[in-house]
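Use the sequences and the hints to build the structure in full.
Residue numbers (my numbering), protein chains in the order written: chain A, 1 to 321; chain B, 322 to 576; chain C, 577 to 877; chain D, 878 to 1117; chain E, 1118 to 1469.
For the record, the hints were derived by calculation from the structure and aren't laboratory data.
Certain hints may be false.
[Claimed, not checked] Quick list of in silico lysine-lysine cross-link-like pairs, DSSO-like style, CA-CA up to 30 Å:
#  : chain 1 : residue 1 : chain 2 : residue 2
1  : D       : Lys931    : B       : Lys471
2  : E       : Lys1388   : E       : Lys1210
3  : A       : Lys304    : D       : Lys931
4  : B       : Lys537    : D       : Lys1050
5  : D       : Lys954    : C       : Lys746
6  : D       : Lys1078   : C       : Lys748
7  : C       : Lys748    : D       : Lys931
8  : C       : Lys748    : D       : Lys1050
9  : E       : Lys1153   : E       : Lys1388
10 : B       : Lys471    : D       : Lys1062
11 : D       : Lys954    : B       : Lys560
12 : B       : Lys560    : D       : Lys1078
13 : C       : Lys609    : B       : Lys471
14 : D       : Lys946    : C       : Lys609
15 : C       : Lys609    : D       : Lys1078
16 : D       : Lys1057   : B       : Lys560
17 : D       : Lys1057   : C       : Lys746
18 : B       : Lys537    : D       : Lys931
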Amino acid sequence: MTNQRTIITISLANVVFASLPFFLNTYWVDVLNSIGIYSILALSLNLIVGHAGLFNLGHAAFYAIGAYTAAILNTGYGIPILALLPACGFTAGVFAVLIARPIIHLRGDYLCIVTIGVGEIVRIALINDVFGVTGGANGIFGIARPSLFGFSVRSPQHFFYYIWTFAGITVCLFHLLENSRFGRALNYLREDEVAAEGSGVDTAHYKLAAFVVGAVWAGMAGNIYASKMTIISPESFTFWESVLMFAIVILGGSGSIPGMLLGAFLIVGLPELFREFANARMLVFGAAMIAMMIFRTQGILPAKQRRYSLPESSGEESGTG
Amino acid sequence: MSLLSLKRLTKNFGGLTAVNNVSFDVEPGAIVGLIGPNGAGKTTVFNLITGIYAPDQGEILFAGKSLVRLRTHRIIAMGIARTFQTIRLFQNLTVLENVLAGCHCQMKGGVVASLLHTPLQRREERKAIVGAMSILSFVGLHREAQQVAKNLSYGNQRLLEIARALATRPKLLILDEPAGGMNEQETGRLVTLIRKMRDQGITILLIEHDMSLVMKVCEQIVVLEYGSKIAEGPPEAIKQDPRVIEAYLGTDSDW
Amino acid sequence: MEQFFLQLTNGLAVGGIYALIALGYTMVYGVLKLINFAHSDLFTLGAYLGLTLLTSMALTDRLGPFWGTVLLAFMVMLLIAIVGALLDRVAYRPLRQSPRLSAVVSALGASIFLQNTVMLVYGARFQVYPQGILPSTAIRVMGLDIPMVRLIVLCTSTLMMLALFFFIQKTKTGTAIRAAAIDQGAARLMGIDVNRVILMVFLVGPALGGVAGLLVGLYYGQINFTMGWGYGLKAFTAAILGGIGNIPGAMVGGILLGVIEAMGAAYLSIAWKDAIAFCVLILILIFRPTGLLGERVAEKV
Amino acid sequence: MALLEIAGLHVRYGNIEVLHGIDLRVGEGEIVSVLGANGAGKSTTLLSISGLVKASAGSIHLGETPIHKLPAHAIVKQGIAQVPEGRRVFGTLTVEENLSLGAFVRDEKGEVRQTLGWIYELFPILAERRRQLAGTLSGGEQQMLAIGRALMSRPRVLLLDEPSLGLAPLLVKAIFQTLKEINGKGVTMVLVEQNARAALKLAHRGYVMELGRIVLEDSSSALMENPEVQAAYLGGEKGR
Amino acid sequence: DPVKIGLMGPMTGSWASEGQEMKQVLDLLCEELNAKGGLMGQKVAVVSEDDGGDPRTASLAAQRLATQGIAAVIGTYGSAVTEATQNIYNEAKIIQVANGSTAIRLTEKGLKYFFRTCPRDDEQAKVAAATIEKLGVKKLAILHDNSTYAKGLAEEAKGLLAGKKGLEIVFFDALTPKEQDYTAILTKMKAAGPDFVFFTGYYGEGGLLLKQKRQMNWNVPFMGGDATNNPDLVKIAGKEAAAGFYFLSPPLPKDLPTQEAKAFLAAFTKKYGNPPNSIYPVLAGDGFRVITHAIAETKSTDPEKLAKYLKTELKEFPGLTGKISFNDKGDRIGEVYKVYKVNAEGQFILEP
Ligand SMILES: Nc1ncnc2c1ncn2[C@@H]1O[C@H](COP(=O)(O)OP(=O)(O)OP(=O)(O)O)[C@@H](O)[C@H]1O
Ligand SMILES: Nc1ncnc2c1ncn2[C@@H]1O[C@H](COP(=O)(O)OP(=O)(O)OP(=O)(O)O)[C@@H](O)[C@H]1O
Ligand SMILES: [Mg+2]
Ligand SMILES: [Mg+2]
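Spelled out as structure tokens, the structure:
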């Protein structure tokens, strides 16, 4: 059966991937870590941009909120960083509710600029040491490494398994989420809002929900980032970060989970491969971005139609009741 | 009690009164036609009923409850479904998914249930798909279930809109020019379908310019002109009504 | 009070530049529904090309500051227009039939590419315009010294905007541009050559951006290869504030944004200046979801 | 000599071919109607005449000129106007702006104004709404606008894709009457209609399409007598 | 095998001009060293990586350098960027000599292999405060740009000067870097009526401030931190506007009487056509020279030995920017900062 085949292929791929740290040097492992974090971010943004069709170019704000929540609570109150994972998601989610609620009715590009604006406001607030807890431009340092049952995640190799386990869980959960009532509802409002509302879908609710779920995951990614770097500063949460995440979603193929992973490999990995070009590496990267978009206009791995296994007796006509 | 009743409904757009003091009732189980010249305000009436516009004045009661200022999806959940004058499908989704949109308000699974695919959620999902497929067979689109909606022909797209509306389990179905762009044969099939839906207990309110269809299926007809109701009655009476003939039907008695 | 008027003229001048750049965003957006992120780098390129032409051809020495600058402006417009059209040909045209956001990513790539091209060609250091091309005097209005340059910047940008406005509203090509902006297929059925319209848009929009770059160079005297991002973001904000796709909107949005920023800096906090501007933007959009002069909404259900 | 001649036209969307070799001739001053079920390819045929979709094989000639290679805007200049399916009025422009766009290929201002006056006579409601945004017009009003807009270019050949769609019965009659008059002034027409009876009444000849092929071609009166056509397009019983 | 010295600097992004010049300096010094026979009989090679001026890219650059068998790494410029890499080098036991990261806390962590050739912010703040007092300032305005470095310096100086008799800080705020119009800020600052302005940001903004200040006919004297030490400042501001501007800086090579400095300046100008623009690349050069000197002296690339040598044995090494010794934390010892003033010709003149 094809289904079994895919399962076998996927498991094999996972085993190969999991053994990578034994073959790669630390640098490449760390590149993979970076890719992992961006995969998580892209998966979360994919819900908002890819599925709900909401044009969000300020995702770094949620990422930042998560990272700063982790940093502040960890350095200030000594709460273990791993225990803060849900808290980071929670604060980012709450922030998303507060922000998204009034702006959710904006359409397309108006929403886009507002999200950019929110991203910038957050960054400026961090720089200006809002509430006196963000450390201003210096950021916050001395963030603890995660530790589980006395085992401390320290080296890039450790982080590889930590990050990619989280990414794997995210993939599984989001796969389920996509193939459910919730995922479909997001698609409806992406396709035609009036028709969605006219079919009984509470569009405002789902837009907000997309933002919240996306923000929660970005917040948790922020926690992971903070614990990996042990120092965070506003420089890590600029508009450029949002742009990168956005580019991953579109380039990978919006709405497609494998697309997000591949997109993260390309957007984060290519600049590393292009290190050979020294000063011209970003130039080459820019050109590559255009080229990839042109060759795969729908994204590299565009989303596939959902397939449903249909009930047997769908042939004969029956009632509506 | 009437299923739907409009009371002195008025809607202005800038200086234009698109709907002017219109009242009429729809009885349960009836097939009611809403006709009138172009720009008479028929679609606007539908948009008022489904909450896309809010009326400037007047009251809309559905099964005794007021619909005024409710959000559209709430109104749908109360048991009113509609189709659109210009087709509004989810073009890039499959036919089945389009119908599942209609099932949406029958289902409960939220974010967490969706994330975890709880057994409850799975059962619900299963049920929705079965339901959606039976509705598709009902309108005759079950073979296209896994096709992308935009690949359907125009007539089938219209049917799909109806299927999506049916999936919300409406008590009242309102159709805005369902036969637009259909030929005689297809229109004939639509007539059968409309009757079949009524036999399932669904009340129907429709706008149509195809008089052969209207006169064939409607039991009651409301005529609008310049936003105001100018006549109401059974087809025979409407056909004879001089005002309607002058404003809308024309003298030629082809139908 | 003195502070108020100084800040006002200051805001107006900056706003004029934002508006000029915003026009390029809005025009391209109007027709292609594309946010041309590379526009900000065309602006930067305009500033750099202007500098090259200025120093290599000594136009202002030969023709005097006024005519020299005018000629210079035309040359910059021409060059940037060509680059704009090339950009469209290479990065956007292959994406005409694909989802809207794909072109946005291509635009981001183009932006990175252009920015780094400028860096590699001209170096990463600041470049400095020769001094004294624009008069450095101030004129006295009601007891206030208002620098001439500000007036010049404001007048130039206003003039260009008005010219564009009449072009779009009153000429046949302008009508064609507006029609193509709504429905390209239908526009072609009217006999409009849509490809020409798009070419037109990619000539005019970047040309205005290029001139804005030149103005910035002349006005501030200092340019660098990353300056596009900041201006671009502000100009894009301005375009949205006024209602994207709407030409008078871009002008109003630009000027307003300039003034809001100046006032925010003067009376609230300099460090929070941009945050204040974005807050005002968000507030405005909450109450006017399609911007100040937003597109006339005409979606009928 | 046919004014408009389509020979062996193949059209594909992506990798699906929807027209498999269409041959169609329209004489000068003729009204030809095209019938066919949904999805038969009628609209596609009209769009390829206007150059909005490109033929993968075959040719289209207007008189002596091969137009299948021309871009859409050049075809309009040749005198072919279309009332497209789904109206496609410019929603955020006013009624009058829409109409003047219809005359985009014409240069003489005075004559254009005259045509505009004529359109307003034909459709007085458009005159009433001349400053309203086209997108807020009712469905039928938009249809009138689309027809008026096509007429603004004073075409030699007018392609109509379901012009009666969504129009009130009185208006359908009026529009068919108008089309007849315009035809009387020498305008050649291709008419795609679901209202087959009205279409055949107006047209001189007709074609029937099925699944991307022409399956029948005859004079209108002959088609109306044809039992297959009667069953499929005219309704078994007495239709409209 | 050659002895590899890493260079981590911003080759792209906003600070690309610094990083690219850092590379120029190191390439030149490396050539000279190889011409003299290299180290321990081996050639020396510079391996450079781009940190993009951003912490995340920098951490990857550091991982990459760490796997390339380098004996030590020079860099980088920004403090937050350096901080993101400190642990990586430390864990990999690679000596890191930062050249532009002046934030105090970098050396307060007790990292064994971390050094810097630039002085710390508090050093500079001390000199700044002393200068301001000496000039008899009564109403002081302090302006920074919200960057780690500038804000740190501004706050240190504020701390040192607050409460001093006869001196009032009438203005303390930040501008947004990379903009071009600072008249709004100047107008606001002017309204506060300071008789002296201390600007702790970078030369690009500094030049514009001076220029726009002059356009407003405002004659208040300005002083800048060492980030304003760049000839481009004068170009941007114009000579008239820049005249009279004070700034703090480690001594420029041209003002050092030593042979090394003069020779370096000549060689650099010869190779690249202009003298170095910024002081930080020169400090990177000092890092390179210190490290290569230590390797030559200890005849080893063992980090333990090198670190020990640098901390305990290296004394008064004749650097390009003056004498270099390190304390136990890895900070450079000694009064490094000097006060400069721009003269009417736009030259930088060392204040007595
Ligand atoms: N959003 C709107 N803004 C302004 N005018 C509107 C709007 N919606 C409808 N109208 C106007 O209201 C009138 C009634 O429109 P409506 O769509 O209800 O007509 P209709 O009876 O459905 O006509 P048709 O049979 O042609 O579809 C029309 O004249 C139309 O131009
Ligand atoms: N843009 C498109 N992409 C892919 N397929 C298309 C496209 N447009 C039309 N088709 C398909 O081409 C076929 C012919 O369509 P066309 O619109 O020409 O039919 P028609 O005869 O005009 O039908 P109708 O009466 O519904 O208007 C149909 O099967 C349709 O699904
Ligand atoms: Mg209607
Ligand atoms: Mg059709």
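Results of checking the hints against the structure:
1. Lys931/D with Lys471/B: holds (20 Å)
2. Lys1388/E with Lys1210/E: violated (34 Å)
3. Lys304/A with Lys931/D: With Cα atoms ~28 Å apart, Lys304/A and Lys931/D stay inside 30 Å; holds.
4. Lys537/B with Lys1050/D: Holds: Lys537/B and Lys1050/D sit about 21 Å apart, inside 30 Å.
5. Lys954/D with Lys746/C: holds (22 Å)
6. Lys1078/D with Lys748/C: violated (40 Å)
7. Lys748/C with Lys931/D: holds (27 Å)
8. Lys748/C with Lys1050/D: Given that 30 Å is the threshold and the Cα spacing comes to 35 Å, the pair is violated.
9. Lys1153/E with Lys1388/E: holds (18 Å)
10. Lys471/B with Lys1062/D: With a Cα-Cα distance of about 40 Å, the restraint between Lys471/B and Lys1062/D is violated, given a limit of 30 Å.
11. Lys954/D with Lys560/B: At roughly 46 Å apart (the allowed maximum being 30 Å), Lys560/B and Lys954/D break the hint.
12. Lys560/B with Lys1078/D: holds (24 Å)
13. Lys609/C with Lys471/B: Given pair Lys609/C, Lys471/B holds - Cα atoms ~22 Å apart, limit 30 Å.
14. Lys946/D with Lys609/C: Between Lys946/D and Lys609/C the Cα gap is close to 28 Å, so the pair holds against 30 Å.
15. Lys609/C with Lys1078/D: Violated: Lys609/C and Lys1078/D sit about 44 Å apart, past 30 Å.
16. Lys1057/D with Lys560/B: holds (27 Å)
17. Lys1057/D with Lys746/C: violated (36 Å)
18. Lys537/B with Lys931/D: violated (42 Å)
Figure legend: structure checked against the earlier numbered hints; hints not met, in rising order: 2, 6, 8, 10, 11, 15, 17, 18.
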